[in-house]
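There are 2 protein chains.
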Amino acid sequence: MSIEKTITDMARSAKEAAKAVAHLGTQKKDEALERIAQKLLDEAATIKRENEKDLADAREKGLSEAMIDRLTVSDAVIESMAGGLGDVVKLPDPVGRVTGMWLRPNGLQVGRVRIPLGVIGMIYEARPNATIDAAGLCLKAGNAAILRGGSEAFNSNTILAEIIQGALRETGIPKAAAQVIPVRDRTAVNVLLAQDEYVDLIIPRGGEGLIRFVVENSKIPVLKHYKGVCHVYVDEDADLGMAEKISYNAKVQRPGVCNAMETLLVHEAVAESFLHPMARRFKEAGVELRGCPKTCEIVPEANIATDEDWPAEYLDLILAVKVVASMEEATDHIARYGSAHTEAIVTSDYARARRFLTEVDASVVLVNASTRFNDGGELGLGAEIGISTSKLHAYGPMGLEELTTTKFVVFGDGQVRT
Amino acid sequence: MSIEKTITDMARSAKEAAKAVAHLGTQKKDEALERIAQKLLDEAATIKRENEKDLADAREKGLSEAMIDRLTVSDAVIESMAGGLGDVVKLPDPVGRVTGMWLRPNGLQVGRVRIPLGVIGMIYEARPNATIDAAGLCLKAGNAAILRGGSEAFNSNTILAEIIQGALRETGIPKAAAQVIPVRDRTAVNVLLAQDEYVDLIIPRGGEGLIRFVVENSKIPVLKHYKGVCHVYVDEDADLGMAEKISYNAKVQRPGVCNAMETLLVHEAVAESFLHPMARRFKEAGVELRGCPKTCEIVPEANIATDEDWPAEYLDLILAVKVVASMEEATDHIARYGSAHTEAIVTSDYARARRFLTEVDASVVLVNASTRFNDGGELGLGAEIGISTSKLHAYGPMGLEELTTTKFVVFGDGQVRT
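Note that the protein sequences, when read in sequence, are chains R and U. Under my numbering, the first residue of the first sequence carries the number 1, and numbering increases by one thereafter. Under my numbering, the first residue of the second sequence carries the number 1, and numbering increases by one thereafter.
Please note that the accuracy of each hint is not assured.
Treat identical chains as interchangeable: a pair holds within one or across any two.
[To be verified] Cross-link-like lysine-lysine pairs, in silico, DSS-like; alpha carbons within 30 Å at most: (1) K407 to K53; (2) K283 to K28; (3) K15 to K53; (4) K19 to K227; (5) K294 to K61; (6) K219 to K407; (7) K407 to K245; (8) K219 to K5; (9) K245 to K219; (10) K227 to K407; (11) K53 to K90; (12) K48 to K294; (13) K219 to K90; (14) K15 to K219; (15) K61 to K407; (16) K219 to K53; (17) K90 to K407; (18) K61 to K19.
If you're looking for bench data, these hints aren't it; they were derived computationally from the structure.
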């Protein structure tokens, strides 16, 4: 069968399945999620055997140790996938929730009710657990999912798909409600991105290259962020101990993720007293500093930053540092180089805290907290399926609610328009 | 100056203006709206003189009387434009509204706040008042607007743009906050649709041809509906007097609009008793009926419907009629031929009312009320800028709130992730 036909058939059957999944009760969906979790644990040996094929290929291709580590499905990873599904079971079902209801002067009662989006296509490069996470969240929100993981995880994702579909079948849910694309060929992605008749939303997760490819080739709406160039601005009225703790956490705790700090902005009034101890801590942690001329005066071991550093997303133990003369210079820098992802201020000044929150255009803006909190779980949305820096539909972490929309329901007793 | 450069400059300046408009207080925005309204009244003679040029062109080109009527800006139309702006002044400002705020276990206070989308491109064929309506709604929601009306209303829209920008200037708001495209050439639309760097959303309004053109050529997200193929289903347990009143209103009150009924579905148990008097009333109103074979048996003067009638949006005094054996047959027909716009059931049966509301996938689903209520004003959202049958971001009429999004704000006191 041609790739074209394979993918089109998948999309069509997903649309059909979506109609059934949209009207499943919460109990039924939770039952399916629990069955998937149980099967993952029961079939751990099979999963690891299939994963071993991917690992062998990866070693043969000479993939880095970090890549191989991400690809490895150990018992601990399997338990964490099952545990993640358990967490999704505990989340409240967004479907059917009435987000508002009001009475019109003519007696019409008008309400808005959450409904699923339909069919969601996920395209990702991440570790195989993304397959389970995405399938679980899509199902709980009443959507069908078409999943396309990285080709290096092909065998792992295929066995995970079999486990998911086995659990769906046992629960009486159409197996087309969660499908993994069964071909490695990248043209499968192009074909998927053209299925606007059947697929309602595409969520890509991965490097900027993958995401740009998806955006440029998709006829279907895409929710995504290209990158996270996140700033911490240390204000002249910052508690410097707090600023140090937050800056350290934002850069060092997990440098390879999108909500890690990439540029530190420091008010000139506190630049010396803040940067001396801060640079020492960063040095101990192995962070390379790339500073503006003023920064390099204060911290002689810092390298001089170039024009490429300010828009850079290092995803590594590298940090750009700039001394600014005012909060305005900081917010102007953020407006120019930021990626509308996550921006933080550290300050004790009430007015500047309020102004920063209002004026900075980013999906998450924080006062006196680490950028690392831009995460669905940390912000209280439950598990997240991604982060959007597009403003339409969702801006920020996307949880179950963002996988739904609302329709209007109207209760009348014979009203007509005059 | 080339069209390319004209439009790109407009888009860039709109983005710049959007930053200022986003942070204007409600009073300032309302002041500008009131000034526009006052100027419209003050400069009525000038507006009518410019409009006369469009009307002369239209007569020369032999446009229909209906088209010329839509194009005419009379004193009454000017008063209605000014009145419409007064209504927008009275609407609550969505910007800055906190849609939720909660405390996390670690003491972080997390909230979601409404913010404007940015720059909105409106492409429409409608009467010149659309220019005023769209500019008013975009401004109140804190957005900059780029407006492109029909070429037949070019002179009218140009003078309206001058009036709007005069009022903006007097209020101290950048005039690039509301711009009308100053070239007739259609390539201007193609250039606008490529400005994804500066424009955040495109809303097209008009015929299906225009909308498909916009969707196919836009690099920017589009909110739209292609057409409104709306149904009324008269259930076996309907109050037939109510069903007659609703069906008549849905078809006849204003047949040329997207929320008018195009197909009437009637349960076979009440087909005879309902269709006899209903057909008489439709005949008096000049409605042509195109029925399924059963309908034609009951109403011999009905024409036989063909396969083209079920998906048709007549926008005219023509109605397709089908007798169905069950509500399932009705909802299957709606799923197949409907356009996810507006669907209504007339019934006294509690369970079927609930099932219809839940199972029918449309932006507005009504029980015992006319389809004509799918309208922002009628549903209580205030003025509307359009209706979306795309599910992403907005599904149904779009009011001020749909011209905004939310960002997360986080208040901490030194929290870091562990």
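Hint-by-hint comparison with the structure:
Taking CA atoms no more than 30 Å apart as the test, K407 paired with K53 passes in neither setting, with 46 Å inside one copy and 43 Å between copies. In this homomeric assembly, K283 and K28 never come within 30 Å of each other (Cα to Cα): the closest approach is 53 Å inside a single copy and 50 Å across copies. When the C-alpha separation of K15 and K53 is checked against a cutoff of 30 Å, the pair qualifies neither within a copy, at 32 Å, nor between copies, at 51 Å. For the homomeric pair K19 and K227, the shortest alpha-carbon distance between copies (22 Å) is at most 30 Å, but the shortest distance inside one copy (34 Å) is not.
With identical chains, the CA atoms of K294 and K61 are never at most 30 Å apart, being 45 Å at best within one copy and 68 Å at best between copies. Both within a single protomer and between protomers do K219 and K407 lie at most 30 Å apart by alpha-carbon distance, with minima of 23 Å and 26 Å respectively. Only between protomers do K407 and K245 lie at most 30 Å apart by alpha-carbon distance; the minimum there is 25 Å, versus 45 Å within a single protomer. Taking identical chains as interchangeable, the C-alpha atoms of K219 and K5 lie at most 30 Å apart whether they share a chain (18 Å) or sit on different chains (27 Å).
Taking CA atoms no more than 30 Å apart as the test, K245 paired with K219 passes in neither setting, with 44 Å inside one copy and 42 Å between copies. For the identical chains of this complex, K227 and K407 are inter-copy neighbours only, at 17 Å across copies versus 32 Å inside a copy, given an alpha-carbon limit of 30 Å. Proximity of K53 and K90 under a CA criterion of 30 Å is satisfied in neither setting, with 34 Å inside one chain copy and 65 Å between copies. Taking the closest pair of Cα atoms, K48 and K294 never come within 30 Å of each other, the shortest separation being 53 Å inside a single copy and 62 Å across copies.
Proximity of K219 and K90 under a CA criterion of 30 Å is satisfied in neither setting, with 35 Å inside one chain copy and 39 Å between copies. With identical chains, the CA atoms of K15 and K219 are at most 30 Å apart both within one copy (16 Å) and between copies (25 Å). Proximity of K61 and K407 under a CA criterion of 30 Å is satisfied in neither setting, with 50 Å inside one chain copy and 43 Å between copies. Taking the shortest alpha-carbon separations for K219 and K53, neither the intra-copy value of 35 Å nor the inter-copy value of 41 Å comes in at or below 30 Å.
In the homo-oligomer, the alpha carbons of K90 and K407 lie at most 30 Å apart both inside one protomer (25 Å) and across protomers (25 Å), since each shortest distance falls under that limit. Taking the closest pair of Cα atoms, K61 and K19 never come within 30 Å of each other, the shortest separation being 42 Å inside a single copy and 49 Å across copies.
The structure shown violates the earlier hints numbered 1, 2, 3, 5, 9, 11, 12, 13, 15, 16 and 18.
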